[in-house]
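Protein chains in written order, with this note's numbering: chain A, 1 to 106; chain B, 1 to 255; chain C, 1 to 149.
Keep in mind the hints are simulated off the structure, nothing from the lab.
No residue lacks a Cβ here, since even glycine has one placed at the ideal position from N, Cα and C.
Label pairs and their in silico Cβ distance ranges: (1) A/T11 - C/T79: 25 to 31 Å; (2) A/S81 - C/I145: 45 to 51 Å; (3) C/V42 - B/D58: 51 to 57 Å; (4) B/E186 - A/A100: 36 to 42 Å; (5) B/A140 - A/E19: 33 to 39 Å; (6) C/T79 - B/L167: 51 to 57 Å; (7) B/R181 - A/E84: 51 to 57 Å.
Covered by chain C, according to a simulated footprint, are these stretches of chain A (three or more residues, beta-carbon under 8 Å): (8) 47 to 61; (9) 65 to 72.
The primary structure of each chain is shown beneath.
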Amino acid sequence: MAIARLQVPATARAGEAVEVRLLVQHPMETGFRREADGRAVPMNVVNRLSVTYGGEEVFRAEMGSGIAANPYLAFWIVAKSSGEVVVEWVDDKGDKGRVAQPIAVS
Amino acid sequence: MRAFAVLAGLVVLGAAAAEPSRPSPLKPGPDFQSADVRALQADDFANPGMLWVAKGRDRFRAKGANGRRCADCHGEEGEALRGAATRFPKHDGALGRVTDLAGRIDACDRRHRGGAGLARESDALLELETFVANLSRGMALAVSPEGSARGAWEKGRDLYFTRIGQLNLACTHCHDARWGRTLLAEPISQGHPTGWPAYRLEWQAVGSLHRRLRACFFGVRAEQPAAGSDELVALELYLATRAKGLPVEAPGVRR
Amino acid sequence: MKRRAFLGTAALLGASSVTRAQKLLPAQDVGALVARITGGAVPERGGIEVELPPIAENGNSVPFRVRVPSPMSAADRVTALHVFAERNPRPLVAAFHFGPGAAKADVATRIRLAVEQKVTVLASLSGGRWRLVERPVLVTAAACIDEGV
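Can you make the complete structure from the sequences, with help from the hints?
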C-alpha cells in the first residue's frame, strides 16, 4: 500500500502565501528497467496529481517518467478559509491515492 | 603506504586487544556526498527513507501470525529499542552466532510473532529495519569486538584486508589508503556502516548495508556473498567497530 | 581550477561511455514540442529562475526548482510551466498548472536526467504570453539507461 506525506502549516492568516510539501511513495517505473531475468519492468508512473483547496483545484502536476521515484513536490497556495488541502493522484495502472491535511485560517 | 603501515601494526599487536584500522580524522558518509544529497538526508520531510520509517512503524504495530505485535513488547513508538541499533552486529545466544540487526528482527518475528521469517531485502524486513535503526539516530555506534563476537570480528577483519575479485583489491586499499580521492568522478568514502539502511539514488529505494556491500564486491568484480551471510555479517561487525563513536544516521541518503 | 581538472580527468576516463550514451540518446527537437504547445508563438527568452545543480551526482534524482516572478493576479499570472529534458528517452518531463488559488509560480521537485543535456522550461502566462529558458546540466551517473547494482 503506497503512502504519502503532506505538509501544510496548521494555521495561517487569510491571504498569506503558504508552502505545501508532498512526498509520495511510488517507484515511477520508467519502463526501461530490467529484472534479473532480462524482462523489462512495465512503465508505471503517477501521471496526474491534483491539489484541491477551498472547493477548487489550486495546483495540478502532469508527470512522466522524467520525475524521480518517490515524487516530491513543493508549491505555494493562498490561505483563504479553514478547511482541507486535498491531494489526489492516479498512476498508469489506474491505482489512485489521496492524502489530506487541515489548515486553520484566521 | 598507509595500508602497509596498518598491516604491519596489526602483525605487531598480534593477539592483543581487537583494534580495527580507523581512518583519521573519522568522517561519516555524508562528508563524501554532494551538498544536495546531504541536504536531502537532513530534511526529515523530504528524505525518501522516511517513507520506509513510516511504513516500518505501521508494521511494528501490525499483528504477526500469532496475533502479537512488535509494539506489545517494545512500545507503540518502539521506545524500548532506542539505542538497540548501536550495538549490532552482536552475538545472539539463541541463534548461537553473531547476527546483524536484520537477522535479529527476523529471529524475533519467528520466535515471538509466530512468523515464517522475513526475507532479506524484502519490503517487510527493510521497513522494520529502517524504523528500528531510525530509533537510534544520532546515537554513537558502540559495537564490541570482544567475547563471543571475537571470532566473527577477526573473520571480518581478515576479509577487510584480503584482496578479492578480478581487480584484486581489498577494502583497505580504497577506504583506508585512498578515502577522499576520486574514483570514476565520485569521492571514495571511509566505508562506514552508519548510514544504513539508506535511500540510495541509484536504487531509487531504501536498501540494506549488505546490498551496498554486495555492490562493492561487484565493483571489484568479485563473487558477491549473499545478504545475511556469515561473511557479510562478519565484515559489518568489523566495519562497525571501525566506525565506533560515529552517530547512527538511518535512514541515510546516498548517491 | 581544481574542478575543471577533475572534470577533464573524469571526461577522459568516461569519454567512451559518454559518447555512446549521447549516440543512444541524441538531443530531440524541443523546439517542435514547444511550438506545439504555444501554437507557433515564439516565446520570449528569460524571465524564469531555474535552480538545478551544475553537476547532478546521480541522474535518478536531481533537485529542481522553477520560479517565475509574477503578481499571480487574475489579470497577470503564470498559468503553467512545462519542463523538457532534450536527451531523456521521453523529453517532456512534466507540466505544472496553477489554479486561481496558487500563491506563486514556484515549484520544486526532483527530476530524472538520462545524460548530460539542456533542461528547457516554458512558462505560459495570461494574455497569451510565453517565456522560455534553457539550462545545461552535467550528469555523472545516468538515469534510465544505467542499471544500478
